[in-house]
Amino acid sequence: MVGRIPVMNVTPLVDLGRQPAKATVGEPFPVTASVFREGHDRLGAEVVLTDPTGVRRPPVRMTAHAEVPDLYEAWVTPDAGGAWTFEVQAWSSPLGTWFHDGPVKIRADVDTELMFTEGRLLFERVRAALDPKDPGTAEQARVIDGAIQAASDTSRPTAARLAAIEDPAVVTALESHPIRELLTVEGPYPAYADRSKALFSSWYEFFPRSEGAKKNARTGAVTSGTFKTAAKRLDAVAAMGFDVIYLPPIHPIGEVNRKGPNNTLDPGPGDPGSPWAIGSKDGGHDAIHPDLGTFADFDAFVKRANKLGLEVALDLALQAAPDHPWVKTHPEWFTTRADGTIAYAENPPKKYQDIYPINFDNDPTGIGQEVLRIVRLWMSHGVRVFRVDNPHTKPIAFWEWLLAEVRRTDPDVLFLAEAFTRPAMMRGLGAIGFQQSYTYFTWRNAKWEIEEYLRELSRETDHLMRPNFFVNTPDILHAFLQYGGPAAFKIRAAIAATGSPSWGVYAGFELFEHVAVRPGSEEYLDSEKYQVRVRDWAGAEQEGRTLAPYLTRLNEIRRAHPALQLLRNVTIHWSDDENILVFSKVSTGSTTGEPDDTVIVVVNVDPHATRETMVHLDLAALGMSDNDTFLVHDEITGEDWTWNQHNYVRLDPHHEPAHILSVRRTA
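Residue numbers for the sequence shown follow our numbering, so the first one is 1 and each next one is one higher.
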């Protein structure tokens with residue numbers, strides 16, 4: 001039922017409150033509601049958080065939206081991980097009504113003494129409610145006493161009495177202790193605060209079998225890398241500032257119908273196959289490919305990564321090769337066709353002969369328990385992050401159950417949904433528990449596309465899903481990178497690293513790998529999914545053929561600027577050129593509420609041509625006035641400029657395609 005003071009359209013609300021809204025420890029999130037009432041009397045509203053231990057936190061006052069009538073908003077910040085709730089409280093505000101009506105009537109000499117009397121009675125109610133044992137209210141009591149005296153003193157001029165009551169100190173003291181009548185409460189509604197890594201992270205993906213792999217110069221045969229050789233690459237990954245190292249499946253690879261180079265159907269005897277074709281005579285999802293080493297080797301790899309500040313993310317791909325042990329032990333977990341064969345994975349007319357998809361409807365309980373066992377096995381070996389392959393091809397109800405089971409005992413474990421699919425499914429996966437989500441970022445390359453997408457992710461879906469901007473993946477080599485040259489790689493990295501608090505890079509990006517298997521395809525030539533790739537990291541560094549220093553600088557900037565570690569703080573600004581993207585991110589002080597870190601990003605999204613234009617800033621969004629001037633520092637080049645509302649920029653993509661500007665101080 002609608003309360004005495006209507007409170008409607010509360011956000012954030014996920015699935016009518018059946019699922020918790022996304023929150024992160026230390027990350028502010030907005031609570032909004034339509035709050036209104038009959039007549040002209042004033043009202044007030046606030047948000048009350050309850051923490052995971054059941055303690056109700058001090059209320060946070062909601063303020064009226066400047067442009068939307070009857071919309072109230074407050075930003076609240078969880079300071080501990082776990083299940084929180086929030087409620088919106090609204091009330092009739094006699095003080096607000098008096099301060100709106102009283103001065104108007106008194107100045108018009110309408111019921112003057114009656115208005116002073118009614119005001120005095122309200123002030124006395126506030127004064128009586130103050131705790132005399134609280135030293136923090138002593139000054140407020142003195143100020144309110146002055147207002148009571150002014151309202152009572154008929155010997156003073158009316159204007160002087162009213163001026164004393166309207167003194168900002170009086171108003172502040174009274175508003176600090178509002179009189180709440182006709183109190184209405186909506187909620188509680190759930191929100192779940194994950195650890196900060198769920199929001200802010202820098203991912204690097206490599207195939208362990210390629211790191212340290214060697215190619216015989218005479219025969220051309222390739223020897224696989226191992227966990228021991230891959231561990232040597234971790235130092236370089238950490239040095240670039242990444243904090244998550246993501247590994248594709250590390251399990252035995254099927255031998256039946258194994259794929260050859262470039263996804264061909266005729267592999268040679270030395271071809272390693274796709275890591276996503278999981279399972280062979282050597283084991284399944286709970287085993288390690290013999291070429292990579294042992295569990296002891298994996299444990300040593302994880303230990304080395306952790307020592308360098310890297311968390312290991314492991315691929316969770318719920319599918320099986322035809323020779324996976326499950327095919328014999330649990331044939332009911334797959335789909336049997338009319339001719340008695342097990343169905344391959346398909347995306348008609350494509351057929352993936354090296355993979356059997358799992359049919360979750362045949363034995364949901366058995367499959368669920370087996371997957372939970374596997375996840376807990378890898379958790380016991382130090383894995384606290386899972387990148388889930390194609391979760392949109394499995395029932396959402398399954399994921400809701402699995403993620404809840406893991407969260408119940410290990411709330412620090414994070415799951416990233418690799419779901420390039422319809423918006424409803426992507427958002428649904430986030431809603432039921434996935435802490436991060438792949439996005440459409442790789443296909444958003446024009447200025448207007450990026451602007452729309454940043455607005456969507458930071459304002460419209462932030463309560464449902466947290467984005468991770470991967471610039472490339474083993475599956476996705478966008479045409480922008482294929483034909484844009486090194487400038488395109490810089491452009492995409494700059495936007496990803498600043499536009500989203502989480503971003504990712506697949507190995508080879510820093511070497512400008514850009515050749516597709518064929519025109520019009522987004523698949524790499526000689527894709528690492530089907531063969532071992534031997535890269536000359538040292539040679540590329542010596543010859544300066546690497547983007548590693550740029551990626552390092554981007555991650556340094558991200559760590560130095562709290563504004564870049566948040567999602568919900570994006571403001572799109574304007575430029576006169578359709579290829580110059582301008583946005584800013586601002587973080588505010590926890591006590592002052594004033595901006596304490598401001599970053600302005602200006603990017604030329606045209607990798608082929610120099611662009612020069614005027615950019616126009618919404619200074620109010622930066623906590624400034626339209627006439628303010630201020631200093632900006634380019635975090636990439638080290639240059640300083642004095643900026644204002646309107647500024648000239650010139651960006652040469654072959655030199656530096658982006659300004660990442662930190663606002664230093666008022667000029």
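Please note: incorrect hints may appear among the correct ones.
Unchecked claim - Calculated pairs, EDC-like style, for lysine to aspartate or glutamate (alpha carbon to alpha carbon, straight line, at most 16 angstroms):
hint : residue 1 : residue 2
1    : Lys351    : Asp266
2    : Lys394    : Asp412
3    : Lys228    : Asp297
As the list claims (entries may be wrong) - Derived Cβ-Cβ restraints for the label pairs, each shown as a range:
hint : residue 1 : residue 2 : range
4    : Thr117    : Asn644    : 26 to 36 angstroms
5    : Arg56     : Pro290    : 22 to 32 angstroms
6    : Gly260    : Arg376    : 29 to 39 angstroms
7    : Arg376    : Thr421    : 25 to 35 angstroms
8    : Asn306    : Pro188    : 23 to 33 angstroms
9    : Arg376    : Asn644    : 52 to 62 angstroms
10   : Arg559    : Leu16     : 33 to 43 angstroms
11   : Val60     : Thr421    : 51 to 61 angstroms
I should point out that these hints are in silico values taken from the structure, not numbers from a laboratory. Every residue gets a Cβ at the ideal spot worked out from N, C-alpha and C, and that includes glycine.
Earlier hints that do not hold, by number: 2, 4, 5, 8 and 11
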